[in-house]
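Participant: Each chain, written out:
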Amino acid sequence: MASSSSSAGKASEVGARRGKTRAGTQANGRIGSVSAPYLLILPAILFAFWIIGYPIYDMANMSVHAVNRFGKTTAFNDFANYQRLFSHQLFLGCLIRTLVWTVFVVGGTVILSVPIALVLNEKFYGRTLARIIIMLPWAVSLTMTGIVWRWSLNGQFGMVNATLSSFGLQDTPVEWLATAGTAFPILIAIGILVSIPFTVTVILGGLSSLQADIFEAAKIDGASGWQRFRYLTLPLIRPFLNIVLVLNFIYVFNSFPLIWVMTQGDPANSTDILVTWLYKLAFRYGELGIASALSIVMFLILLALTITYAALAMRHERREI
Amino acid sequence: MYQIRKRRVLSLLLGAAAILGASSASQAATIRVVLGYYSAATQGLFEGMAKDFMEKHPGDEVKIEVIQWDNLQQRLTTDIAGGTAPDIAMIGTRWLVDYVKNDIAEPLDGYMTPEFKAGFIESFLSPSTFDGKMYGLPVAASARAMYYNKDLLAKAGVNEPPTNWDGVVDAAKKIKALGTDAYGFALQGKEIETDAYWYYSLWTHGGEIIKDGKSGVASPQAIEALALYKMMIDEKLTEPDPSGLNRQDIERLFKQGRIGMILTGPWLRGQIKTDAPNLNYGLSSIPEGSNKATYGVTDTLMVFNSSPNKELAMKFLTETAFSPKWRIEFSTKEGFLPVMKEEAAAPVFANDPQLKAFTDMLPYARFAPPVANWEQMVDAVIAALQKVYIGQAQPEAALKDAAATIDGLIEQ
Numbered sequence: 001m002a003s004s005s006s007s008a009g010k011a012s013e014v015g016a017r018r019g020k021t022r023a024g025t026q027a028n029g030r031i032g033s034v035s036a037p038y039l040l041i042l043p044a045i046l047f048a049f050w051i052i053g054y055p056i057y058d059m060a061n062m063s064v065h066a067v068n069r070f071g072k073t074t075a076f077n078d079f080a081n082y083q084r085l086f087s088h089q090l091f092l093g094c095l096i097r098t099l100v101w102t103v104f105v106v107g108g109t110v111i112l113s114v115p116i117a118l119v120l121n122e123k124f125y126g127r128t129l130a131r132i133i134i135m136l137p138w139a140v141s142l143t144m145t146g147i148v149w150r151w152s153l154n155g156q157f158g159m160v161n162a163t164l165s166s167f168g169l170q171d172t173p174v175e176w177l178a179t180a181g182t183a184f185p186i187l188i189a190i191g192i193l194v195s196i197p198f199t200v201t202v203i204l205g206g207l208s209s210l211q212a213d214i215f216e217a218a219k220i221d222g223a224s225g226w227q228r229f230r231y232l233t234l235p236l237i238r239p240f241l242n243i244v245l246v247l248n249f250i251y252v253f254n255s256f257p258l259i260w261v262m263t264q265g266d267p268a269n270s271t272d273i274l275v276t277w278l279y280k281l282a283f284r285y286g287e288l289g290i291a292s293a294l295s296i297v298m299f300l301i302l303l304a305l306t307i308t309y310a311a312l313a314m315r316h317e318r319r320e321i
Numbered sequence: 322m323y324q325i326r327k328r329r330v331l332s333l334l335l336g337a338a339a340i341l342g343a344s345s346a347s348q349a350a351t352i353r354v355v356l357g358y359y360s361a362a363t364q365g366l367f368e369g370m371a372k373d374f375m376e377k378h379p380g381d382e383v384k385i386e387v388i389q390w391d392n393l394q395q396r397l398t399t400d401i402a403g404g405t406a407p408d409i410a411m412i413g414t415r416w417l418v419d420y421v422k423n424d425i426a427e428p429l430d431g432y433m434t435p436e437f438k439a440g441f442i443e444s445f446l447s448p449s450t451f452d453g454k455m456y457g458l459p460v461a462a463s464a465r466a467m468y469y470n471k472d473l474l475a476k477a478g479v480n481e482p483p484t485n486w487d488g489v490v491d492a493a494k495k496i497k498a499l500g501t502d503a504y505g506f507a508l509q510g511k512e513i514e515t516d517a518y519w520y521y522s523l524w525t526h527g528g529e530i531i532k533d534g535k536s537g538v539a540s541p542q543a544i545e546a547l548a549l550y551k552m553m554i555d556e557k558l559t560e561p562d563p564s565g566l567n568r569q570d571i572e573r574l575f576k577q578g579r580i581g582m583i584l585t586g587p588w589l590r591g592q593i594k595t596d597a598p599n600l601n602y603g604l605s606s607i608p609e610g611s612n613k614a615t616y617g618v619t620d621t622l623m624v625f626n627s628s629p630n631k632e633l634a635m636k637f638l639t640e641t642a643f644s645p646k647w648r649i650e651f652s653t654k655e656g657f658l659p660v661m662k663e664e665a666a667a668p669v670f671a672n673d674p675q676l677k678a679f680t681d682m683l684p685y686a687r688f689a690p691p692v693a694n695w696e697q698m699v700d701a702v703i704a705a706l707q708k709v710y711i712g713q714a715q716p717e718a719a720l721k722d723a724a725a726t727i728d729g730l731i732e733q
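So the sequence lines, in the order shown, correspond to chains H and Y. Read in order, the letters of the first sequence are residues 1 to 321 in the numbering used here. Read in order, the letters of the second sequence are residues 322 to 733 in the numbering used here.
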């Protein structure tokens with residue numbers, strides 16, 4: 001406000017010196033016009049820092065103190081919580097499973113979502129219906145999805161076994177969730193299934209923003225369908241793929257309900273990922289110190305991966321320009 | 322101007338005086354009671370008790386909140402951490418040790434008469450007693466027994482329910498030989514009480530969960546107890562892949578008539594009455610090995626030492642909640658065993674032959690040991706059992722792992 005009124009005053013000075021004055025005004029006003037927007041969003045930033053930052057501070061504080069099971073922090077304990085976390089026999093296994101789970105679910109989701117989005121982007125009879133069907137799982141809560149699949153996969157009463165045996169494909173019931181060998185791949189598959197709606201929506205948004213004429217030009221120049229996809233579509237929707245990858249990575253890494261409802265990490269912790277183990281540590285075992293250390297570790301992993309990914313993606317874009 | 326201000330000050334003073342007067346005149350207190358959800362009847366039962374009590378103590382109020390058991394511990398933890406703990410809470414008795422250690426539970430002996438305390442069945446008091454002080458009143462109790470399907474056993478040529486493990490294995494083999502889709506012996510392998518299902522075998526083989534301050538889950542008796550279950554799985558005497566079935570799953574199989582023998586608590590009687598009224602079943606004691614044993618479980622009502630109304634809270638418990646009238650009503654509606662002598666003598670309990678299978682086991686009832694970190698120990702045991710059930714580890718190796726974890730937790 002102040003800078004604009006001062007520049008208005010100066011601009012009304014003698015016309016002959018106008019050019020110089022304008023330059024001066026700009027130099028003069030730059031400080032104001034640079035800081036003004038920051039000043040304006042400062043309250044919002046402070047508020048966001050408080051809302052997001054305080055829990056992180058609280059968690060970090062808890063993670064370096066001794067905490068009793070009712071959340072009362074006592075003495076600083078020399079990072080003993082972190083020591084106990086890293087030396088815990090379940091930590092490494094859960095970490096590896098979390099990475100496997102995240103990479104497979106996110107990878108599978110993106111690999112499946114791109115063709116689905118391409119198909120849904122074409123004009124065909126019943127496209128709207130097809131789009132609605134693809135989006136429907138989004139409307140159902142993860143917990144409900146988990147419960148329904150848990151029922152379906154039950155070895156004695158489930159629909160999956162009933163279907164398989166009615167087609168003569170199996171004669172003894174299979175307990176799908178009884179061993180990690182079947183349970184974990186099934187969980188990953190369901191994880192992919194529930195991530196597809198969001199991913200397809202974002203990619204569809206990207207596809208609909210593409211201009212038709214460059215594709216026509218490519219077609220006239222004799223580019224094949226694959227070439228058009230590889231050299232036009234894919235690079236053009238890359239920003240959308242980036243969004244989808246980063247957001248899905250964060251969601252899936254922290255995804256709790258599916259695994260919790262279907263297996264609770266059983267059998268023998270073989271489907272536990274960090275976040276389900278975190279819940280057990282905090283609310284079943286009352287190990288709030290280790291649990292808060294683990295939360296901080298998970299936060300840092302996600303932060304590091306997101307920053308690395310964002311940096312890589314941005315560098316890539318700059319090079320293309 | 323001055324007049325107005327004076328009048329305003331006066332009226333403010335008057336208002337303040339009115340508020341002070343009102344609050345000092347009534348001395349009314351409110352007691353908050355947080356309870357676990359057993360069934361649709363829980364809320365109504367306790368509301369009834371609260372109403373009774375409020376009639377006797379006009380002005381005082383008892384507020385009842387019923388919460389799902391799954392969320393109860395988490396809810397109480399956050400309430401305590403936030404300084405808004407209730408006055409009375411129902412908790413699993415095995416949690417009590419944490420509450421006592423962290424100085425949250427109030428010792429109750431000073432608030433009750435010796436006659437009141439003597440009214441309880443002795444064995445239910447020990448789990449809530451620490452260093453000779455009582456920290457909770459047992460509110461719900463159950464013991465476990467064996468349910469058997471009379472028709473299925475008869476079809477297999479077994480006319481008397483087996484009383485020991487050899488008999489169980491034998492009967493299960495005969496049921497398997499029938500070639501139907503029925504299984505001889507039910508075994509649960511996931512979620513709540515998967516460990517308890519193995520303790521039946523552990524205790525009857527003479528093992529202990531914790532002995533002399535050390536874990537007993539890798540003792541020769543414990544290995545034998547687990548080897549028995551593993552043998553039954555391998556011989557297909559149980560349902561296939563027990564690690565895929567939880568307690569409700571095997572109970573459902575029993576209600577469908579597809580299980581010969583199952584070990585569980587008195588609640589299944591009520592479920593059979595409504596879900597499978599035609600099931601021809603009987604009750605007998607937990608099969609013996611070298612010992613007789615069953616699992617006893619109690620839940621407890623405790624008073625918080627942060628409560629400003631401890632006297633009144635205890636009055637509510639001793640005068641109303643644990644009066645014979647409400648005890649009988651509660652135990653019959655919820656399907657638990659009596660915890661007070663007067664209750665046990667009531668005709669509904671004394672004349673129920675089925676209940677005898679449970680009450681007969683009471684002298685042999687074992688309880689979860691009162692140690693800190695119990696839930697973490699339970700999960701270590703369950704992980705070991707699951708590894709054996711799915712064939713990932715041998716009983717001895719898996720149990721040694723669990724014992725090492727438990728020993729580490731005891732030392733903490």
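Check each hint, because a few of them may be wrong.
The calculated DSS-like cross-link candidates involving lysine-lysine, where the alpha carbons are at most 25 Å apart (straight line), are [what the hints assert, rightly or not]:
id, chain 1, residue 1, chain 2, residue 2
1, Y, Lys677, Y, Lys613
2, Y, Lys497, Y, Lys551
3, Y, Lys646, Y, Lys631
4, H, Lys72, Y, Lys721
5, Y, Lys422, H, Lys72
6, Y, Lys377, Y, Lys422
7, Y, Lys654, Y, Lys454
8, Y, Lys636, Y, Lys662
9, H, Lys280, Y, Lys535
10, Y, Lys372, Y, Lys646
11, Y, Lys372, Y, Lys654
12, Y, Lys454, Y, Lys471
13, Y, Lys636, H, Lys280
14, Y, Lys454, H, Lys280
Just so you know, the hints here were simulated from the structure itself, not pulled from any lab data. Keep in mind it's a predicted model, so treat the numbers as computed, not measured.
Participant: What hint numbers does the structure not satisfy?
Facilitator: Structure breaks hints 4, 6, 7, 12, 13 and 14.
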